[in-house]
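Going line by line, the protein sequences match chains A and B. Okay, so the first sequence: first residue is 1 according to the numbering used here, each after it adds one. Okay, so the second sequence: first residue is 480 according to the numbering used here, each after it adds one.
Hints may be right or wrong, so weigh each one.
Claimed, not checked - Dumping the calculated DSS-like pairs for lysine-lysine here, alpha-carbon to alpha-carbon at most 27 angstroms: (1) 234(A) / 29(A); (2) 318(A) / 748(B); (3) 29(A) / 801(B).
Stated by the list, open to error - Interface residues of chain B toward chain A, partial, derived using beta-carbon atoms under 10 angstroms: (4) 678; (5) 690; (6) 794; (7) 798.
Treat the hints as calculated values from the structure; they're not laboratory data. Because the structure is a prediction, the values reported are computed rather than measured. Glycine included, each C-beta is placed from N, C-alpha and C at the ideal position.
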Amino acid sequence: MKNMSLQIKPGEVHGLVGENGAGKSTLIKVLTGVHMPDKGEIWVDGVQKKFTKPSDARDAGIACVYQELNIVKLLSITDNIFIGRGIKNKLGLLNYEAMHKEAQNAMCALGHDIDPRRICGNLGMGLQQMIEIGKAIQLNSKLIIMDEPTSLLGEKEVFQLMSTVRKLKEQGVAILFVSHKLEELFEICDRVTVMRDGEHICTKKVSDMTNESLITAMVGRTLDDRFPKEFGVKGECMIRVENLNAGILRNVSFEAYGGQILGFAGLVGAGRTETMRAIFGADPIESGAIYIKGKKANINSPAQAVAQGIAFLTEDRKGQGLILSQAVSINLILASIKKFSKFGMLNNNAIHESSNRSIHSLRIKTPSNNEIAGQLSGGNQQKVVIGKWINTDADIYIFDEPTRGIDVGAKIEVYNIMNSLVKKGKCVIMISSELPEILGMSDRVIVMREGRVMAEIDRGSEHFNQESIMKAGWGGVLV
Amino acid sequence: MIKMKQFTIKGLLSKLGPLIGLLVLCVILSLTTEQFLSYSNFMNILKQASINCFISAGMLIVLITADIDLSVGSNCVLAACVMGVMMKNGIKNSILMMAAALVTGLICGYINGVLLTKLRLPHPFVSTLGMKNVTLGLALIITASTPIGFQNQGVDMVLALGAKTINGFPVSFIFVIIAFIIMHIFLSRSALGREIYCIGGNPEAARLSGINSGRVLRIVYALSGLLTGFAAIILVGRVSSANATAGTTYDTDAIAACIIGGASFMGGKGTMSGTMVGALLIAVIRNGLNLLGAQSDLQYVVIGLVIIIAVFIDVTREAMEKRAQRLATK
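So here's chain A without its partners, still in its complex pose (with noise of 0.2 angstroms):
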């Protein structure tokens, strides 16, 4: 980060946008008091503040609440507000019931009349999204720092943190509003401050802005389509579901053909994701049937969906994708382990020769193939997932919310990956919360809705705009 200013006012609500990599987790690590910086000055409220610990930035009324939350699930609410603190009584001991009334207090400030003693981890994410914004108000804080707060939330919660920050605004509350998503700062932002490269690029009311201008300003060179959306010759039926049901899923069924995307859209939890885990072998089935080209497929396990030629970009990049204590080129091999071994043996000059094809034709950001994975950035990271299963030389791709916390420049290159893989006639599967990336690069569209089929949606139907398929989303009927 260089030379970085950013003044935000009481009451505002402050968008603050950039590519991965911009400096923004920086800005806000320097903010909370986790970072200090090397030069510079943070005034708030007139006095100037020097925070060489988290805590520091707290007592002067700064909080942050994080895209990954810090909730301990097994805790109730109170103890999640109180985490860390707490009031004692005169034996030193924590007094629930005013802990209890506090934090009761703080959620019906925010809207959500709730037992605080319930446990964390029963609630939405939604929620325990609240609880931490709960935690910021108890706090008194003046400025709320969220982070890429949407990402993990449905329509529905999304609407509700949007009316909960624009209460906080009315409170007086300041709002640093960190986003990938442009149509939410458009909507909820007073003003917008644009960082790449960690120097400060501009800072505009968003009234004066553009979805454009803001991503030229991001990206520094003109995105003139955000969805480059090709088409691909639509193949015969790769992959037909009939009658799923497992866990939530209740007789799901369709259709994926070659050369195709298939979007599912839908609220999270409607059960895309459980869909895919069941078709992928990683959750068991109740009942149904699965047809691989034709044929009725068994797939008990991972192992077999991969043999069937079934690739799974997981939603959750980190915790069911990577092994980021390896190297790039081990986890650009590991589901296709086998082709680069003999014998058992693996053959180390194949696997050097083929992660570095990979690095290169998916245009990977790493120093080398050795580089431990935990080391790129996030878009990089999803770059090296995709490349794993391209390795596979799967006929069916499921991608799990492919874009979800990358920046605009790598989210255009996952779409054109998507795009030479269609192109190849294979079929891609595409779970996706943002409507636009769904209606931007799918051919057709499947809506999901508390574990059932809700609608199916082609591309050139009337249907196929955002109405229709948040319609389908909310349970609505499409006529």
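We have chain A; now place chain B onto it with these hints.
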């Protein structure tokens, strides 16, 4: 570029930490005791280290998968007792006896793997702790809690592996070296070895990449068991007896050797060379303390402290590496 080099030298130094510790300890013992610096004493150390080396090799692959095997000591003892019981009952064919020891170890290990992956017991701590008691109990039952002597029973061939030397160099350690080279190649160059590291690094990602982690884990535990069978053969040769209570320190010594050598309870890391250094370090400490006239009670204290220090150094080193990487990417 120069900076890069400094980093690697630093990295090399920290990787060689246990080896440097071993050398420093040897120098100190050479200066403080008369007997330490001699060929015969060194050979003695190698002889003492052999059993732990075999068990540690198995423990290492288990630790790399982020699991633990607490049953190795008892498995080893059971395998030794099986040999003793065979001999007592007149089966004195050395090949058969050794095969029986290996099969016993293998089965014990495989059961550990099945308990973990098929019965889905929550953590190998549970299954292997159970097995530790089961196998120890079996060893006591089949020997009627009485040690079985192997001397003058016509089974010298069996004892040779653990007892014989070539120009003073213990045959057992030659086998250790061979085993370690094979295991090193297995871990670093084979597909299965790489899968073992990957399962330790991120089990869910490995599973979703189509790696059959259940099968890999069963192989890992079976291999660990097989290596305890080898250790049993060495044990019988070294002490010329099968004693059900001989293995009390084996589990912890093996874990200590691996951890000192750079393995982690979090899994995903550890090498054969590091484990070798760890095992030798423990043998040298025991040997040195013996020469200094210290009792075995003190040896426990010292080895305990060495484990704590080694892990502390490792944790600090990792934190420093992370910080260096952060600074480098800035």
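request  = Using Cβ atoms only, decide whether residue 678(B) comes closer than 10 angstroms to chain A, and label the hint accordingly.
outcome  = Constraint on residue 678(B) satisfied, holds at 9 angstroms.
query = Do the alpha carbons of residue 234(A) and residue 29(A) lie within 27 angstroms of each other, as the hint requires?
reply = Roughly 48 angstroms between the alpha carbons, so the hint for residue 234(A) and residue 29(A) is violated.
ask   = Can residue 798(B) be said to touch chain A, with a Cβ gap under 10 angstroms?
value = 15 angstroms, violated
query = Against chain A, is residue 690(B) within 10 angstroms by beta-carbon distance?
reply = Status holds, d = 7 angstroms.
request  = Below or equal to 27 angstroms on CA atoms is what counts here, so check residue 318(A) against residue 748(B).
outcome  = Measuring from Cα to Cα gives roughly 18 angstroms; hence the hint holds.
key: chain A contact restraint for residue 794(B) - C-beta distance below 10 angstroms   = 15 angstroms, violated
message = So if I understand the rule, the pair passes when the alpha-carbon distance is 27 angstroms or less; does residue 29(A) with residue 801(B) pass?
response = Holds - the C-alpha atoms of residue 801(B) and residue 29(A) are around 17 angstroms apart, at most 27 angstroms.
Hint compliance for this structure: hints 1, 6, 7 are not met, and every other hint is.
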